[in-house]
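Peer 1: With chain A fixed as given, assemble chains B, C and D onto it according to the hints.
Protein chains: 4
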Amino acid sequence: MTNNTFNLDKEQLIQQSFVQMDKHLQGAEYNQAQKLALTCRILFENGHDSGLAGQITARGEKPGTYLTQRLGFGFDEARVSNLLLVNEDLEVLQGDGMANPANRFHSWLYRARPDVQCIIHTHAVHTAALSMLEVPLEISHMDNCVLYDDVAFLSKWPGIPVGNEEGELISKTIGSKRALLLAHHGLLVACSSIEEACMLSIAFERAARMHLLAAATGKIQPIEPKLAREAHDWILRAQRSAVGFAYYARRSLRNNADCLE
Amino acid sequence: MTNNTFNLDKEQLIQQSFVQMDKHLQGAEYNQAQKLALTCRILFENGHDSGLAGQITARGEKPGTYLTQRLGFGFDEARVSNLLLVNEDLEVLQGDGMANPANRFHSWLYRARPDVQCIIHTHAVHTAALSMLEVPLEISHMDNCVLYDDVAFLSKWPGIPVGNEEGELISKTIGSKRALLLAHHGLLVACSSIEEACMLSIAFERAARMHLLAAATGKIQPIEPKLAREAHDWILRAQRSAVGFAYYARRSLRNNADCLE
Amino acid sequence: MTNNTFNLDKEQLIQQSFVQMDKHLQGAEYNQAQKLALTCRILFENGHDSGLAGQITARGEKPGTYLTQRLGFGFDEARVSNLLLVNEDLEVLQGDGMANPANRFHSWLYRARPDVQCIIHTHAVHTAALSMLEVPLEISHMDNCVLYDDVAFLSKWPGIPVGNEEGELISKTIGSKRALLLAHHGLLVACSSIEEACMLSIAFERAARMHLLAAATGKIQPIEPKLAREAHDWILRAQRSAVGFAYYARRSLRNNADCLE
Amino acid sequence: MTNNTFNLDKEQLIQQSFVQMDKHLQGAEYNQAQKLALTCRILFENGHDSGLAGQITARGEKPGTYLTQRLGFGFDEARVSNLLLVNEDLEVLQGDGMANPANRFHSWLYRARPDVQCIIHTHAVHTAALSMLEVPLEISHMDNCVLYDDVAFLSKWPGIPVGNEEGELISKTIGSKRALLLAHHGLLVACSSIEEACMLSIAFERAARMHLLAAATGKIQPIEPKLAREAHDWILRAQRSAVGFAYYARRSLRNNADCLE
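Line order of the protein sequences matches chains A, B, C and D.
Each residue of the first sequence is one higher than the one before, starting from 86 at the first, in our numbering.
Each residue of the second sequence is one higher than the one before, starting from 86 at the first, in our numbering.
Each residue of the third sequence is one higher than the one before, starting from 86 at the first, in our numbering.
Each residue of the fourth sequence is one higher than the one before, starting from 86 at the first, in our numbering.
So here's chain A without its partners, still in its complex pose (with noise of 0.2 Å):
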């Protein structure tokens, strides 16, 4: 059936990779806790390192409930063994320690958006300095199209946040959007999904990489809103993530596997 394919339109060819991915790729199966894991490893494996700050939450079983990093641990620290589940008040439900009180942001964001399953918040490095100059991230490359139009901007900082104010203030920039850039501060993801969320906080601070590095040479042009609207969709879709997030998962578990215990 040799030549058939170069017939057909771009829908048509679309549509037919769906069909393909659907059959023929996977995601992992890990449970909450594990792909919780995993997604601390995962960032602190491609630049996501800042010491003891950031935080990752993801919903629990019973509402109201979320499971944490423990505060004092790096990210490559993880593992399933001393995540804790906390309740919005961050009150220590399973496990030893505590959670970053920093985490009150979450409690309010997970109010708001119920869609919400997982929230990523960190202090990559070139996000960071990015967040200095006070402008949004310019999303200009096909990859990044995943956040395309999908991220808000909170453009003054509000100081260190701890309190219920800055919980409120989160919650209302993001809106309902996916991602948020958090002057002088750094990078918020809130998605449907761990896997989701962690493949956009990636994306996030490449993206932001690849910001800095163009703009410091020259003038960043602008994609046509269509085309980066129709690239959005095709890499946001759920089975892409999941595929994706499986990759970056066998590649931390073949140097780090202490991670699952």
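The set of hints was computed from the structure by calculation and includes no laboratory data.
Note that the structure is predicted; figures quoted are calculated from it, not measured.
A portion of the hints provided could be inaccurate.
The list makes no distinction among identical chains, and a pair is therefore deemed to hold if it is satisfied within one copy or across any two copies.
To be verified - Pairs of lysine-lysine, DSS-like flavour, derived with a Cα cap of 27 Å:
1) Lys257 <-> Lys108
2) Lys95 <-> Lys257
3) Lys147 <-> Lys304
4) Lys304 <-> Lys241
5) Lys241 <-> Lys95
6) Lys241 <-> Lys257
7) Lys311 <-> Lys241
8) Lys262 <-> Lys147
9) Lys108 <-> Lys95
10) Lys262 <-> Lys311
Peer 2: For chains B, C and D alone, coordinates are given in the frame of chain A:
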């Protein structure tokens, strides 16, 4: 016979070098599948890591067939046993899984260019950042002359490249050159051997990195076209690519020999 | 008791965080020599590698004595058994070999600042590059507020710092601050504990890197002084440095436990 | 005798330092071939990796003979047993394979400079990027003063350097200096010992990186020539190069001891 060569002119010395290199230097003896898997690893280790993006193909033994890596696997996971043999319609003839739907433009390019044996397309980060500026790659260093006057430029982004339209556009834009910079996207290299394609891809990303580093600081100065073409032909001798590839293959296999399995 | 904390104001939440952190977080129990050797390793692993340049000292048990690393060894080679105990004149009281003659300005600074227990001086590459511009370090990110209003600036280079003149000049310029940027040279941090000095050195180089990344692209925006000072005091609590240091120590020891020998 | 040294002037302290360093610091005892192989490895590990480009030579025991690495091998593959002994015409006297034809200019330079014992030429990436701007290397940091007023500049690229013309041009341009920046090409260092050449090559690439980092952000400020020359002489003492080289050698051998075989 000391001192004799001090009287030779440059052309004589170049010819003498060729004779010596033909005698003393050999490439390594890998089959096509081994070369392709090695190329994936080498590129991953030399800055071409961008998650699951990018594709590599080489012509198979039968006309209209292509070896390629499996969708859902990173370049760092490629090995002989997980490569696919596909036809022009991307139907799998040998192996499990599916090819990247974006391989479609490879089929168009192989049709248009009978001289091409291997195509590499990646989103290496400096190339990707440079591509956001919609400017051509500047070749201004001796090493990069391997690409002198050999990089076409697609200055507008046509959207996700899974349609036949993109196949036509890319084939037409690259013309008879060996390389192409795709705005808001990445690089493409189309060569007469896997070894050459691998070496040119490494050179492309390094040239993009040098372009960004230099242009962030000052004005890149042009080089003399005649000398640049001389360097281009000197570096591009088939044997030189083979020797360079053999070196990078040894370097990769030193850490991960599973690639050849 | 869910939801109760949503009515607390920021100051109440901060105080609550302090109580929880005092209960749940501890630093690690290393002696002075172990902390000093660990600091050398941690700095090496976090961008402070510059060959044999740089010195670290901490006050010894007897007044006028200092622990320091041995000249001719890199930070990556420091271990408890090769540290030296020296007096103010840099005469070796315990250990083999000699101290760096540039330690002289440490003696001056310890005299001038009884509160200082540990001094770190390095030529970390981004700090060193920034220092060539003769501009102060710009603090414009929450994490870097640990250094807000706490970095003095020596804008002229007095030559190689082995004389008593440089000791006087440096002591005078840093005044009562915790840090100093030395033009055409590097960074200096003078703190009340080894842990704090280690954390501030990491923060200094990261801040310099962010300064260069951001300023190459646009104009760094100032942050609100009141909020910056609040963040400064929040991050600088002694316990926080201890917990951060314990984390970096675990990270370093995971790869190289010989440091404690 | 505490406090006595606080009354010494800078010159007295410098002389005292020399006495102490002569007593306490030694270089390592390697033979010429071991030093040359180690230098290849050290350069590879410190940013001088550019595939198969670059050459290193040192004078052999007999006049008109040179030790060099074998063409087709990377710096990371150099070991005592695969080095070559060649004459001025690049004929192999000992060992298998051939030398890089671009070694020709080394022969010219050894003839012109009887003081030179070792020549290193690499295309380290920051040096190579800087060389595209056709501007001299700016020395504006204490550590880089090892190269102060000691870097000549070849501002035009003469093409691939395999001819006798390039040998003449390079010898004439470097004059009596220790280093040379070759536009659109790379760096050259010519020193009285392998150790010094190794240390200056590391310093050169680091200085180029700092030049690019700083100049992308602002205006590099000049340093006081008198102080810079003082620092130059201080850093360049033969013993200091030996001690620095011994440190980098230990660091390299920690990971790969096969270099000495």
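Peer 1: For every hint, state whether the structure bears it out.
Peer 2: Quick rundown of the hints versus the structure:
For the homomeric pair Lys257 and Lys108, neither the shortest alpha-carbon distance inside one copy (40 Å) nor that between copies (33 Å) is at most 27 Å. With identical chains, the CA atoms of Lys95 and Lys257 are at most 27 Å apart between copies only, with a shortest distance of 18 Å across copies and 38 Å within one. For a Cα distance limit of 27 Å, the shortest separation of Lys147 from Lys304 qualifies neither inside one copy, at 49 Å, nor across copies, at 46 Å. For a Cα distance limit of 27 Å, the shortest separation of Lys304 from Lys241 qualifies both inside one copy, at 24 Å, and across copies, at 15 Å.
In the homo-oligomer, the alpha carbons of Lys241 and Lys95 lie at most 27 Å apart only across protomers (18 Å), although the nearest pairing inside one protomer, at 43 Å, exceeds that limit. When the C-alpha separation of Lys241 and Lys257 is checked against a cutoff of 27 Å, the pair qualifies only within one copy, where the shortest distance is 14 Å, while the shortest distance between copies is 36 Å. When the C-alpha separation of Lys311 and Lys241 is checked against a cutoff of 27 Å, the pair qualifies only between copies, where the shortest distance is 14 Å, while the shortest distance within a copy is 30 Å. With identical chains, the CA atoms of Lys262 and Lys147 are at most 27 Å apart within one copy only, with a shortest distance of 25 Å there and 50 Å across copies.
Taking CA atoms no more than 27 Å apart as the test, Lys108 paired with Lys95 passes inside one copy only; the shortest distance there is 20 Å, against 51 Å between copies. Taking the closest pair of Cα atoms, Lys262 and Lys311 come within 27 Å of each other only inside a single copy of the chain (18 Å); across copies the shortest separation is 31 Å, beyond that limit.
Violated hints for the displayed structure, listed by number in ascending order: 1 and 3.
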